[in-house]
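All chains should be modelled from the sequences, with the hints used to inform the complete structure.
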Amino acid sequence: MLKSALALSAALAVFVSSVVTAEDKVQSFSSTNKAPLVFESDDGILRKVSDLTGSETLHKSSFVKNKNIFVYYLEKDKNKISDLYRAFNLGKVPEVKDGFPFFLISQFNLGSEFFSSLFYNFGNKTPIRIPLVLDDNYVARARFYDSVHVKGSCQGMTFTAANLLDKCKYPLTTAFVQLSLTHPYVTQFGLFNHETPNLPDNSGRTNYSTLAMIADAAFLGVNSAFDGRSFKKPLTDFDAGTYVKSSGLYLPEVRDLSDAGKLVLGDNLYFRGKHIDLLLDNGIEGTIFDIGNGKKGIPLVYDKEGRVFLNLRNSLLSNSSFKNYGNFLEIELALFEDLGFSTRRRSFYGNSIYGSGSSTNPSVYDLDSTYSFYDEKKRDYVKNLPSEVPLGIGLHVYGDYNDIVQKGNINTERYKALGIRVDGSNNFITIPKATRIIANGEQGGSVVFSYGSGNKINIEGRIIANGEGGVAIKADFGSNVISNLYESRGSYQANRTVDFKIGEKSYDEAISTDIPEDLRHPAVDKINISGMISGKGSAIFMDGSALVKEINLLKHAKVSGDIVSLWNFVTDKSGNLVNIADVAGTMLPLKLQLIQDDLDVYSQEALINNVLSTSINIGADERLLYHDNPHYFGSDPEAFIEIDGKIIGQNINVNVLGGQTMLHGALDINNLYIRNSNLRVDSQTGQDIEVNSLVMDGNGVLDLSNGFKNRLIIDKQLSLHNDSRIRVDTDLSGRIIDEFKLDERYIVPGRNLNLEPALKYNDLRRLGSDPKALFKFVSNFVSSANSMFSNVNIYIPFPRYVWDSSGMYGRAIRCSSRGCRIGEFLDNNKIQSENLSTLQIIFSFCGLIIMCGGAYLYFRLSSKRKVEY
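According to the working numbering, the residues represented by the sequence shown are 1 to 869, in order.
These are calculated hints, taken from the structure and not from any lab test. Just so it is clear, CB atoms sit at the ideal spot from N, CA and C, and this is done for glycine as well.
Restricting the straight-line Cα-Cα distance to at most 16 Å, the calculated cross-link-like pairs of lysine to aspartate or glutamate (EDC-like) are:
id	residue 1	residue 2
1	549	598
2	262	303
3	741	688
4	716	743
5	456	550
6	433	460
7	505	487
8	549	525
9	536	562
10	536	442
11	245	267
12	536	644
13	304	259
14	555	622
15	760	682
16	741	690
17	526	550
18	558	642
19	501	487
20	433	366
21	76	95
22	709	739
23	555	621
24	295	285
25	558	644
26	262	305
27	233	253
28	776	731
29	456	403
Per label pair, the in silico range of CB-to-CB distance:
id	residue 1	residue 2	range
30	823	708	22 to 28 Å
31	383	246	46 to 52 Å
32	597	745	33 to 39 Å
33	585	166	53 to 59 Å
34	292	716	55 to 61 Å
Set out below in structure tokens:
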């Protein structure tokens, strides 16, 4: 069939496993997939690999130093390859190729090295050499194989697993991997040549390290004797732990397995074991792990060829077409333990939450335990020492609708380790004031939202990721380890480029692949920060795959590092809103799949500004954070917010609502709104401050004074309130140093802009002692300002205040016919308002009533006197 001929390359298919029957009644398990059309040879692939293998890109491993139990090598002996193919009845023997495999072998062994570090068992074992055979026949199927003991004490175990568990040492192994070349469309992205991160970043490339880990898992026994119709004898060790929900029996207890087609349908088969039971301790009722009658397990899925998968979301051993993990889940490590292998699970995971509550009754977790260095002898964490394992995770939230208070500290400093990873939906996480979440390893992440939607976090403590490339808070779905060309996902989006390239899907179908309901909403609803966050790479990073709806900086929040959003979209020729994930054009765009309610209510422009934007609300009253429109949030006049970094993102709307905000960096955002607050932007590097629109509401102050020349670029709207002000740097003559760039097409003419000058401290003192010089300075300032804004018909009135450019204080300006003098001191930490106080308004209103009443009585009495006269 043409359809079967158009499937993905077998290299992508090695992420799954099945059981087939080989000759001589020896069983072998394999990884298979239907192959795509035969493509013309791609010599460019070989050139790319040759370049890579000759470069320094294959850097030294950062993984835990551990003996690599599986050592892959390229089998080039044609006779030995023929023996392997003959033993497993694989058909035509491929031609041996040089050049290409070197890179693959390096990646396989890198992944296998990390895999070995997950286990205790392998420290004193002799490494097992496993041949890898490269087969570029796209019509054939690629698999990985090992034989299974058919009798004796090791019946049902692979030769490899039995040897590693010291149960049956001979034969050592018959394992080998048959691998096809990567799909030619995938190789246009190049070849992935880095260590596997916790959140994969291979983009359109295939991650061969994780592929090797999945092959290793199969060699350890994650396989089944199911052939697509029946379970063949002997059953594997994995089958022995498989529980049948409909009968309440384990597979070995079922009498007749000859026709098991119906047995494997639906959620009927589960893998169970004591380690899995202990892990699935709380909140499992009603979830996919709930078998019923108090029993728990991992649901299994089988395909028609007999391949078995764990029915887990996006994990390496799952059947998901989108896999965004660089390591096994903790529950997958527990599965290895139930197969007899002792893992270092506590070193790699602090806590994992697989339970789920509901919208009306969320599950509650108070987590006092820490995650840090794990003493393997004492089997406990050492609180004051950071974890030293790469890819570790302090807290993994897999489930949905959980309220979690992380009281214990999390501390790790190794490569791409994470403090907290969230893959579920509608979870609320609180980091109390005394808690520290530290991920100081290279490219570490303190809090990462990597899937799901509707999540919230409240940060009162400290979130730190100060290693090279570290990110304190990240919203990013990462990459599909199979390749983003196979399937890519994000908030409101999913596509399948290869399906379009090989003709399986139309363009419209391929850019809008079906997504689950939990992706039809923002990945993160709220990030509330009243504590401190710090990231050497970024303080907050929002990838184009993950939408964050709201970031609230409250009280005395401190942010060290940039706030960056790559979430962006354009309108294509058909009028669709699409995300361009690959500017080179190899990957198709992703159409945003919005919910119908939003499409019915909003215009496209309103969708962009309301549904698809990220609001950063600064200085809001935290008691009033639940209104849909941030402009209605209350103000916290005592707020003092520090941001040491840039804010960059075309979907970002910054709303400065109360108190004082110090921004030591630049702005490149959509909208800036300021009300009842002072935003001081100190961009000493001379970087531009660019916004699409600037709205200055009542008592809003934008302070650009810092003694340096800065440029404010307003691409579209400028809206001014009579009580709003902008402060700018000037020289001693009154000439404005800062620059403004406005588009007159978007400016309403005839408006007043309250512009206030700022000087260096010594210059301000000099003017204060010379009224005539001060008068000349102010006159020149007003003339310079009006000249600067004459092209947009904005009038600059006489300023009432002059400021110290260091931002510490200001002085009132009092002028008369004899000149100007410096008036009273002004505190820059207080919002200066010409408005009357509430008490003054009340007294004035009462006085007006009395005055009107008196006037009324006067005229009444006057009219009576006239009548009497």
